[in-house]
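Student: Here are the chains, one letter per residue:
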Amino acid sequence: MHRLLSLGLLAATVRVAYAQPDPIPVGPELPTEEPQPEPEPEPAAEGPSDEFGPLLLIERIEIGGNTATQDEIIERALPITVGDVLRASDKRLADARFKILALGYFREVTLAMQKGSARGKVILRVDVVERGTIVLNRLWFGTTTLSPYWFGADLTERNLFGLGVAIGGGIVYASHGNVDGSRNQWAGELRAADASLLGTRLGLNGALTLVHGSEAYRVAGDDTDPGAGELLAFPYRRFGGRTNLTYDVTALTRLSASMRIEAIKADLPVAPTRMLPDGRIVAIDLHLEPDNSTVTTIGFTYDRDTRPDPILPHSGYHIGFSAELGAAFSDYQFATLFGRYEHYWGLFDDKHAIAIKLAAGVVVGDAPRFDRIHVADVDRMLTPRALGLVLSAAEPLDILGTRSDKPTYGDLGGSATVEYAIQLWRGKGRNRVYGGDAFFGVGLWGLAETADLRARDASLGSSLPLDIYIDAGVRLDTDIGIFELTVANGLGRLR
Amino acid sequence: MRVWVIALVMLLAVPARADDEQVEQHTMRFIEKGDHLTISTGALAKLFDSKAYRALSSGFTSTVVIRIWIYPKDSSKPVAFVLVRRSVVYDVWDEAFDLQLDEPTGRKRVREKRQADALKRLTSIELLPVALLAKITVKQIYALAMHVELNPVSKETLAEVRRWLSQGTGGGLDRGGAFFGSFVSVFVNPKIPAADRVLKIRSQPFYRPGP
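In the order they appear, the protein sequences are chains R and E. According to my numbering, the first sequence is numbered sequentially starting from 7. According to my numbering, the second sequence is numbered sequentially starting from 287.
Simulated from the structure, these hints should not be mistaken for laboratory data. Since this is a predicted model, take the numbers as computed values, not measurements. Quick reminder that beta carbons are idealized off the backbone N, C-alpha and C, glycines included. Be careful, since some hints might not be right.
What the hints assert, rightly or not - Keeping only pairs whose Cα atoms sit at most 27 Å apart, straight-line, the calculated DSS-like set for lysine-lysine is:
(1) R:Lys127 with E:Lys363
(2) R:Lys105 with E:Lys337
(3) E:Lys337 with R:Lys121
(4) E:Lys337 with R:Lys97
(5) E:Lys441 with E:Lys399
(6) E:Lys486 with R:Lys357
(7) E:Lys332 with E:Lys399
(8) E:Lys406 with R:Lys121
(9) E:Lys441 with R:Lys97
(10) E:Lys441 with R:Lys357
(11) E:Lys486 with E:Lys332
(12) E:Lys394 with R:Lys357
(13) E:Lys363 with R:Lys357
(14) E:Lys399 with R:Lys97
(15) E:Lys441 with R:Lys105
(16) R:Lys363 with E:Lys441
(17) R:Lys357 with E:Lys332
(18) E:Lys406 with E:Lys337
(19) E:Lys399 with R:Lys127
(20) E:Lys394 with R:Lys97
(21) E:Lys486 with E:Lys425
(22) E:Lys425 with E:Lys394
(23) R:Lys97 with E:Lys425
(24) E:Lys441 with R:Lys121
Said to hold, decoys possible - Footprint (simulated), chain E over chain R, 3 or more residues, beta carbon under 8 Å:
(25) 72 to 86
(26) 217 to 226
(27) 280 to 292
(28) 314 to 328
(29) 353 to 365
(30) 386 to 394
One chain only, chain R, in its complex shape (with noise of 0.2 Å):
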């Protein structure tokens, strides 16, 4: 419609005042991007004086549209309520539109205000288009030699009975492969989350995940090998809940409060160990308590994030935090810190981007396996875990020829990725495609269990267990969903 209207200019008659210039050609010669201003004076910011129009009073509010959602769930989003006295240029007017929008329940939100029962009161009709609330959060396949095949995935209905609950979970099977010790694994989470307690800031989100798994462990040979001949592998279940308490301090900051309770049995080697290289056996840490034993666990969250495109970003931030302590009466008395920044500057009017994503972890004192950093979650070339469960025992790529046995679990790690973006094309979504980015990244990441940092028989340099990842793709917004086709990814399905 758009690029239409542009061809049906206004044939303005032209009375020039200024010759122009002849024969200089129109357009090839200037500039291609938009010019750069020096900083402009924005409009003062927005206060009663810049307030006008006529002076309402909102006699009711009528929604229309919604089959699914309920009323009062429209109603509290709006950041005004019958019996509010204001200006028709009010910001909370303006701003109605986009509250309801970020509920996410709806295509399109459609306001108009009508005369009401005497002069100056109105009556502000809601009309909305609902959209389908379920969400594919994730799929799951691949493949590995650890485990020949897996498949799951993870749904979530938004807006349960039109409620403002949302309601989901996944599964996910992994074949086993020749592994001794190693079995069949599957997991399954089922999630339920109120973002709104009665319209108030305050939420409330819990999980109840079950897992049936086996971990493998290398008990000879080099960690290169690929092949399960040197492995062996001890079964173990998890089960156990964990329940969150979120406060919304602003539109674009969250923090909150979680409780984790967890009941694991894992039937371990009674004295694990492995042969290195060199001929030497040396005991090996599972991290597990043997047979039955339980986690609970306090942790909180801080959350911000303001990047206008959380999906193609090309500006703004987004950072968080996440302590999470072992509590009374658990077999493991631990604590976790996770820390994540990201930032985005725009170039080029806005058409590249370049990021810079840091991520880091540290695990103190006596953690869980499952609680502790894996390789996965910091070298973005290997399988990540799927609720859980880990699917691979490549060993990551060795690019920059550091220290070989890098350990699968640490305490300590993290990532430092460097990205460019540059824009494929941008659109209104009416080919049903918002936009798209090609990517180039390259990381730094590390992990290490700090007892190999001490006690080390090589200069501290030669120890750090460090290397890099590179990733490169195209990112996908479009209205069925988000894409990301990477090499990463790809990698990390079929090693």
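Following the hints, complete the assembly by docking chain E onto the known chain R.
Tutor: Leaving out everything else, chain E in the frame of chain R:
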């Protein structure tokens, strides 16, 4: 299966290029008036489609933000910049349109009875001062760039509307991995644009003749 889905999406993406915003070329009038260079153009007439035109009488504010730069040929460093902000709201009881016009000459509030007149107030550019003449060197060739937005949305609001995408619905036992990871989702995914409509306009090259 996922590969097929991605291939399909990429196939659909190809025609989406045509959906991108293009810079349009418009011929404008440049007139000296007092100490200022002024412009007149009808380039904004197509800013409003029928839906946007109907929304003028909704009782909610419609806003047009116009940014104008003048820059020398072969340069992207502007010598002048002007910001114009025009808003209108319909008074359902008086059945009139109240306008607030923030222009280089100052703020004006006017009232129009007819919707077409309100639209004209929002979109007409007649003798709009865009630069001090002292900034325009005689016989130097310049061009004018204009960026027009209908109902622009702040970055904060855009972030708020799509925030649910990155918030998720809480995690289970496997939080460490999720904390480092990224996400890919499939769902019905409406997205609001940064403005209801955007026009990017460039004038013909012009110069200021000597005395």
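Student: Are the Cα atoms of Lys394 of chain E and Lys357 of chain R separated by 27 Å or less?
Tutor: violated (36 Å)
Student: Does Lys97 of chain R lie within 27 Å of Lys399 of chain E when you go C-alpha to C-alpha?
Tutor: holds (24 Å)
Student: According to a criterion of three or more residues whose C-beta lies within less than 8 Å of a C-beta of chain E, is the stretch 314 to 328 of chain R covered?
Tutor: Since three or more residues must qualify, the claim that chain E covers the stretch 314 to 328 of chain R holds, with 9 doing so at under 8 Å.
Student: What's the verdict on Lys363 of chain E and Lys357 of chain R, does the C-alpha distance respect the 27 Å limit or exceed it?
Tutor: holds (18 Å)
Student: When you check the alpha-carbon spacing of Lys105 of chain R and Lys337 of chain E, does it fall within 27 Å?
Tutor: Holds - the C-alpha atoms of Lys337 of chain E and Lys105 of chain R are around 21 Å apart, at most 27 Å.
Student: Need the status of pair Lys337 of chain E, Lys97 of chain R: alpha-carbon distance at most 27 Å?
Tutor: holds (22 Å)
Student: Has the given pair, Lys127 of chain R with Lys363 of chain E, been kept, meaning a C-alpha gap of at most 27 Å?
Tutor: Since the Cα atoms of Lys127 of chain R and Lys363 of chain E sit roughly 50 Å apart, the hinted pair is violated (cutoff 27 Å).
Student: Below or equal to 27 Å on CA atoms is what counts here, so check Lys406 of chain E against Lys337 of chain E.
Tutor: holds (16 Å)
Student: Regarding the pair Lys357 of chain R and Lys332 of chain E, is the alpha-carbon distance no greater than 27 Å?
Tutor: holds (25 Å)
Student: Holds or violated: Lys441 of chain E with Lys97 of chain R, Cα cutoff 27 Å?
Tutor: holds (15 Å)
Student: Would the hint linking Lys394 of chain E and Lys97 of chain R be met if the CA-CA limit is 27 Å?
Tutor: holds (20 Å)
Student: If you draw a straight line from the CA of Lys441 of chain E to the CA of Lys399 of chain E, is it 27 Å or shorter?
Tutor: Between Lys441 of chain E and Lys399 of chain E the Cα gap is close to 34 Å, so the pair fails against 27 Å, i.e. violated.
Hint violations for this structure: numbers 1, 5, 12, 22, 23, 24, 25, 26, 27 and 29, all remaining hints satisfied.
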